[in-house]
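There are 2 protein chains.
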Amino acid sequence: MVEIITIGDELLIGQVIDTNSAWMGRELNKAGFDVQRITSVRDKKEEIQDVLEKASMRAKIILMTGGLGPTRDDITKKTLCEFFNTHLVFNQEVFNDIQGFLKGRVKNINELNRSQALVPEKCEVIRNGMGTAPIMWFDYNDSVVVSMPGVPLEMKLAMSNSIIPRLKQKYQPGIIIHKTVLVHNIPEAVLAEMLTLWEDALPSEIKLAYLPAPGRIRLRLSARGTDGQRLQDQIDEAVDGLLPLIGDNIYGEEDLPAAEIFAGFFQNTGKSLALAESCSGGHLAHLVTSVAGSSAYFKGSLVTYSNEMKQKFLGVKAKDLEQFGAVSPQVVEQMALGALKATGADYAIATSGIAGPGGGTDEKPVGTVWMAWAASGNKVVSKRFRFGKDRERNIWRTSETALIELMQMMKKGEI
Amino acid sequence: MVEIITIGDELLIGQVIDTNSAWMGRELNKAGFDVQRITSVRDKKEEIQDVLEKASMRAKIILMTGGLGPTRDDITKKTLCEFFNTHLVFNQEVFNDIQGFLKGRVKNINELNRSQALVPEKCEVIRNGMGTAPIMWFDYNDSVVVSMPGVPLEMKLAMSNSIIPRLKQKYQPGIIIHKTVLVHNIPEAVLAEMLTLWEDALPSEIKLAYLPAPGRIRLRLSARGTDGQRLQDQIDEAVDGLLPLIGDNIYGEEDLPAAEIFAGFFQNTGKSLALAESCSGGHLAHLVTSVAGSSAYFKGSLVTYSNEMKQKFLGVKAKDLEQFGAVSPQVVEQMALGALKATGADYAIATSGIAGPGGGTDEKPVGTVWMAWAASGNKVVSKRFRFGKDRERNIWRTSETALIELMQMMKKGEI
Chain A
1 MVEIITIGDE LLIGQVIDTN SAWMGRELNK AGFDVQRITS VRDKKEEIQD
51 VLEKASMRAK IILMTGGLGP TRDDITKKTL CEFFNTHLVF NQEVFNDIQG
101 FLKGRVKNIN ELNRSQALVP EKCEVIRNGM GTAPIMWFDY NDSVVVSMPG
151 VPLEMKLAMS NSIIPRLKQK YQPGIIIHKT VLVHNIPEAV LAEMLTLWED
201 ALPSEIKLAY LPAPGRIRLR LSARGTDGQR LQDQIDEAVD GLLPLIGDNI
251 YGEEDLPAAE IFAGFFQNTG KSLALAESCS GGHLAHLVTS VAGSSAYFKG
301 SLVTYSNEMK QKFLGVKAKD LEQFGAVSPQ VVEQMALGAL KATGADYAIA
351 TSGIAGPGGG TDEKPVGTVW MAWAASGNKV VSKRFRFGKD RERNIWRTSE
401 TALIELMQMM KKGEI
Chain B
1001 MVEIITIGDE LLIGQVIDTN SAWMGRELNK AGFDVQRITS VRDKKEEIQD
1051 VLEKASMRAK IILMTGGLGP TRDDITKKTL CEFFNTHLVF NQEVFNDIQG
1101 FLKGRVKNIN ELNRSQALVP EKCEVIRNGM GTAPIMWFDY NDSVVVSMPG
1151 VPLEMKLAMS NSIIPRLKQK YQPGIIIHKT VLVHNIPEAV LAEMLTLWED
1201 ALPSEIKLAY LPAPGRIRLR LSARGTDGQR LQDQIDEAVD GLLPLIGDNI
1251 YGEEDLPAAE IFAGFFQNTG KSLALAESCS GGHLAHLVTS VAGSSAYFKG
1301 SLVTYSNEMK QKFLGVKAKD LEQFGAVSPQ VVEQMALGAL KATGADYAIA
1351 TSGIAGPGGG TDEKPVGTVW MAWAASGNKV VSKRFRFGKD RERNIWRTSE
1401 TALIELMQMM KKGEI
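Going line by line, the protein sequences match chains A and B.
Following our numbering, the numbering of the first sequence begins with 1 at its first residue and continues without gaps.
Following our numbering, the numbering of the second sequence begins with 1001 at its first residue and continues without gaps.
It is possible that part of the hints are untrue.
No more than 20 Å apart at the CA atoms, straight line, and that leaves these computed lysine-lysine pairs for PhoX-like [claimed, not checked]:
1) B:K1044 / A:K312
2) A:K54 / B:K1045
3) A:K44 / B:K1045
4) B:K1103 / A:K364
5) A:K207 / B:K1045
6) A:K389 / A:K364
7) B:K1054 / B:K1030
8) A:K389 / B:K1103
9) B:K1341 / A:K312
10) A:K341 / B:K1312
11) A:K44 / B:K1054
12) A:K45 / B:K1078
13) B:K1207 / B:K1030
14) B:K1207 / A:K389
15) B:K1044 / A:K54
16) B:K1030 / A:K207
Partner residues aside, some chain B positions facing chain A, computed with beta carbon under 10 Å [what the hints assert, rightly or not]:
17) W1023
18) S1160
19) S1162
20) A1285
21) Q1408
22) M1410
These are calculated hints, taken from the structure and not from any lab test.
Note that beta-carbon positions come from the ideal geometry of N, C-alpha and C, so glycine has one too.
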């Protein structure tokens, strides 16, 4: 069992988001270690000491980051000395590293820099490959306390190269295998009901978690034990059991953003893509182009926010805009077909909706979105969606849904 | 004093980064409350209970997020019942809200949805404006425990609209006034050096924080005390002192995203805007359309990812693409002028660059971005930027810089 302690006022006032803990949790988990608690405290000696004492009663492994800088407000080292009843000693090797690191960066090495070479006598020093703060490893009884800098790159290097390998050697953790199944178009409560029997039948080694995002749910299965092959088989069997229940709603089996799942699929088809966006306002193009390599299949997007532009660039008929409104199957289908024609792409997606907060009517409330998908040969399919009231969320859901739907329709040969 | 407890296995295994705590810390700080500790625990009853007990001995205000979903792994509600020695009762108002929220989203409301209307008898329910999980407020002695959903949008709405106002009323923290000055185009260390004397002269009531983001720095001045007028005067005076030092680099004086600062300025000019995007890939259009009301001035964006599209929609000359490459002043200026002509807008912005990770050369390394700004009457200005190696960050910096630069040039009459 592991506990993480992150230290620094900036975390508590929200100036910095603690991304270190999540990274450490992920890497430790992969290595077979469970993090049971993460605590963030201010740069105050009594508070750090309190957390350290309590954590050491619960966990065998305590990993700390932060509070190791040369300035006055950094007091982790002093606190560790008191905790382990030891004192600071000058370490020539650390000082050599500091000199090497600062060479060419500062004119003179000052007292503050020199003070970083003072380390608690009872600890084993792990060299910091990227900065001036030494990493301190304390062994006591069967437990370990490690103190690392809060700078993410320095922490990551130390964790990957030294700390995780040492922990594995010392504690010989079991094997843990994760599998994430991506599900769309089913509300969480409905999904949970559909999966009740399946969930009850899961072997005890497998733990299930629902991770919901707007319009999507990630189902995470984690298997733990000592026999890797057996765990993998159990996971595979569990995932196979999902297919007859919710197969149509599964759009991916890797823990990746929707845009990357789509890119992985679409790139392999060898086809090209164009977009015609109204309510998604460029965000759909952004999702597509956020994935490196998209220029291989992405022609471009016509973000036609005004009706005038919809006519000019996509050939939408003025009378249809007039009669049905921009948020209609008639218009969105013309947009998709127009994008195909204008760009010569193999597939096109069009969006038109009311993102909010204004613009809603009784018939078409905020959150109403029409989407169309077109393929060469004048094939076109359109669907209506009713999202929520939040503009940002509506834009996100429109873009992600547009990509997932196209992928699912192409897989089933529906377009 | 406040403690935050975030609950969920996904936080401990690092599948989700705890961004809620930082947001809460920031907002609480603005309201005059100090967060002293943040603890993340798994969905385990004994662990939640343990954290809650210890926190309640240290802090008067405990804010919890997570573990309120309808599925089995969510056990916060049950844990709170045990902690407060109470039991769950059916709440008709919550159920009505759930019905309203799910209307049109699910066919039938099932047992799991219904179970979300069960709330501890001893708590006061705060309505969730965006989801099905009720928010629970427990008063005991002089202390408060609040349990909120972990979904960021739901938590933020509840915090802003209900919880922070209630906490302020109950605990009357002192007066705290914040002012944020938005600065671009100066590196943090240079800015800090330029402001040394100004900073030394700040009155003791004012605390200064540098909040850096790629390419921009938010300078936050916070004044805390009891005399609101005096604090406001001190803040105003401090900001006045900044103008002669870095006036040209200040692009806003409100803590808002660049897109909103731009929208507030541009909407008032009564002019219209069009975009021609290559490396920003739709993200620039997304920034513009992320602000409600943008349809009043935004014509659209031609996201021309391929050279073919740049020629067809923007009239870029094939020989210039050939001779100078797509990432060149010649091409980006033609893109901006082409967007003006194609859309009839008053102003246009064009972007073309190498977002990475691939595509860099010695002459044009990854991060090289050309931008152009055009105005009716064939006026056009172009500039080159050298950003970094990270694709996502390059896209962000391109979009934000494009908007800030146009605004600053328009203010100075340079375009």
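Original post:
Are there hints from earlier that the structure breaks, and if so, what are their numbers?
Top reply: 1, 3, 7, 12, 14, 16, 18, 19, 21 and 22
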